[in-house]
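A.B. asks: Start from the sequences and build out the full structure, keeping to the hints where you can.
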Amino acid sequence: MKTTLKIPAPLLQTVRTDLARRHAFAYERVGFMTAGACWQTDGTLLLVAAGYASVEDEHYERNTRVGAAIGASAFRRALQTAYASGKALLHVHSHGRQGLPSFSRVDLTSGSQFVPSFFSTIPKMPHGMLVLSDTHATGLVWHRADERPVYFSRIVEVGASLKTIGGAP
Amino acid sequence: MSRYDRQSFLGPNSDSVISDILVGFVGAGGGNSHTVQQYAHIGGRRAVIVDPDIIEDTNLNRLVGGTIADVHASRHKVDIAYRVISGVVNDHEVTVRKTDWQSAMADLKGCDVIIGGVDSVVAKDQLDDFCKRYCIPYIDMGMDVHPHGEHFQIAGQVVLTSPGGPCLRCLNVIKPEDLVREHENYGAAGSKPQVVWPNGVLASTAIGLLVQLITPWHANTKLTQYLEYDGNAHTMRVSQRLQVLRFDGCPHHPKDGVGDHRFDIRNLPPPLGDR
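Protein chains in written order, with this note's numbering: chain A, 1 to 169; chain B, 1 to 275.
By construction, these hints were calculated from the structure, which means they are not laboratory data.
A quick note: this is a predicted structure, and the numbers were derived from the prediction, not measured.
Worth double-checking, as some hints may not be accurate.
Claimed, not checked - 30 angstroms max Cα-Cα, derived DSSO-like pairs, lysine-lysine:
#: 1; chain 1: B; residue 1: K192; chain 2: B; residue 2: K175
#: 2; chain 1: B; residue 1: K98; chain 2: B; residue 2: K192
#: 3; chain 1: A; residue 1: K124; chain 2: A; residue 2: K2
#: 4; chain 1: B; residue 1: K222; chain 2: B; residue 2: K175
#: 5; chain 1: A; residue 1: K2; chain 2: A; residue 2: K163
#: 6; chain 1: A; residue 1: K2; chain 2: B; residue 2: K98
#: 7; chain 1: B; residue 1: K175; chain 2: A; residue 2: K124
#: 8; chain 1: B; residue 1: K192; chain 2: A; residue 2: K163
#: 9; chain 1: A; residue 1: K2; chain 2: B; residue 2: K255
#: 10; chain 1: B; residue 1: K255; chain 2: A; residue 2: K163
#: 11; chain 1: B; residue 1: K222; chain 2: B; residue 2: K255
Claimed, not checked - Covered stretches of chain A (in silico footprint by chain B; criterion: 3 or more residues with CB under 8 angstroms from a CB of chain B, positions within the stretch not fixed):
#: 12; segment: 1 to 13
#: 13; segment: 32 to 40
#: 14; segment: 89 to 99
#: 15; segment: 122 to 136
#: 16; segment: 158 to 166
Every residue, glycine too, gets a C-beta built ideally from N, C-alpha and C.
C.D. replies: This is the structure in structure tokens:
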């Protein structure tokens with residue numbers, strides 16, 4: 001099943017700006033994007049980014065093994081936001097730099113644990129994770145909790161110009 | 001020399017970008033008969049064209065591509081648009097829907113850009129809303145002829161709205177009183193004066209905005225465009241409404257209002273004909 005993600009450019013700029021802020025001790029920041037969904041006539045699943053929830057400074061935990069560790073309360077708050085509006089939830093972080101980013105092994109391992117748990121709260125929506133660079137994005141989406149994730153086949157930034165900023169690697 | 005060499009300034013990959021894009025044309029009458037034609041000539045081959053109407057003799061003053069034979073054959077306007085594209089582009093993927101656009105929403109959801117050539121302000125308003133819901137840039141065209149003393153003033157506009165930016169209501173293109181007036185008239189926009197040359201100017205501008213969106217050839221692209229046409233002075237200029245607009249988020253389209261209300265991933269996508 002192909003999955004496309006569309007992100008309004010102003011929203012993506014908000015995300016990039018938030019993730020670029022320095023944290024007192026975490027090496028990087030994370031956040032959560034919410035998204036609506038629909039089917040296209042060709043069977044493609046379309047996700048439309050709706051909003052962004054920043055993770056507050058106090059919700060980061062000290063952990064030298066990962067770039068950013070956040071507590072259960074941060075996940076709970078993000079899930080509440082998505083649940084209230086019936087949206088998909090996408091965990092987002094940035095690796096900076098230019099070009100198509102890749103998930104690290106730690107990203108993939110941790111994501112495969114926490115993303116399926118989103119389905120317990122919001123079973124009717126797909127969920128996933130995104131990694132950004134300063135120019136592009138790569139994302140994985142789970143259609144069901146017990147299925148393997150697939151890469152977004154297309155990620156589009158919709159702004160003053162239409163940019164395809166990511167696709168399946 | 002290839003067909004598109006003379007538009008190669010649009011970028012090294014512009015041929016494939018234009019070839020891959022899916023554009024929705026809502027309305028296949030006066031305005032969009034021009035845009036469809038130009039879209040085909042720039043290399044656009046993927047389109048969804050929606051219009052329930054059949055061409056009449058009174059359309060021949062402005063519907064580019066329409067013929068007397070089409071009138072005699074009671075041909076649908078979308079079939080004329082299809083013929084225009086298929087006459088220019090070989091491997092086209094054109095979906096035509098002989099229906100109101102509301103019945104073709106499933107086809108339009110997947111479009112990268114939608115160009116509206118509709119008279120009704122209610123339809124413009126609903127199309128703009130639809131585009132915000134599915135994160136689609138919307139290019140709206142409109143023209144009118146107003147009495148001006150003993151003479152007439154031709155006016156029009158081309159407006160680009162984008163997700164995250166001001167909508168047609170924010171820009172005052174859609175006014176509440178116009179919606180009320182049209183509702184009281186049971187949704188009919190009335191038979192507005194229409195002539196071919198203003199439609200051509202507006203449609204050319206709309207295609208310019210489309211190309212600028214997908215293969216920008218300069219750095220000054222904008223999220224929102226509102227261009228006003230003065231058909232008596234033969235000028236197009238940026239609307240003052242856009243210049244003075246203080247935009248702090250669109251109050252008409254909540255950010256959460258995206259996607260399908262009743263979407264459920266546990267339900268498989270419906271068969272093609274039911275969407």
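A.B. asks: For each hint, tell me whether it holds in the structure or not.
C.D. replies: Verification of the supplied hints:
1. K192/B to K175/B: holds (18 angstroms)
2. K98/B to K192/B: holds (22 angstroms)
3. K124/A to K2/A: holds (18 angstroms)
4. K222/B to K175/B: holds (23 angstroms)
5. K2/A to K163/A: holds (18 angstroms)
6. K2/A to K98/B: Holds, at roughly 28 angstroms.
7. K175/B to K124/A: violated (37 angstroms)
8. K192/B to K163/A: Distance of about 38 angstroms is beyond 30 angstroms: violated.
9. K2/A to K255/B: holds (25 angstroms)
10. K255/B to K163/A: holds (21 angstroms)
11. K222/B to K255/B: holds (20 angstroms)
12. 1 to 13: Result for this restraint: holds, n = 6.
13. 32 to 40: holds (count 7)
14. 89 to 99: violated (count 0)
15. 122 to 136: holds (count 4)
16. 158 to 166: This one holds; 5 residues, not fewer than the three required, reach chain B with a Cβ under 8 angstroms.
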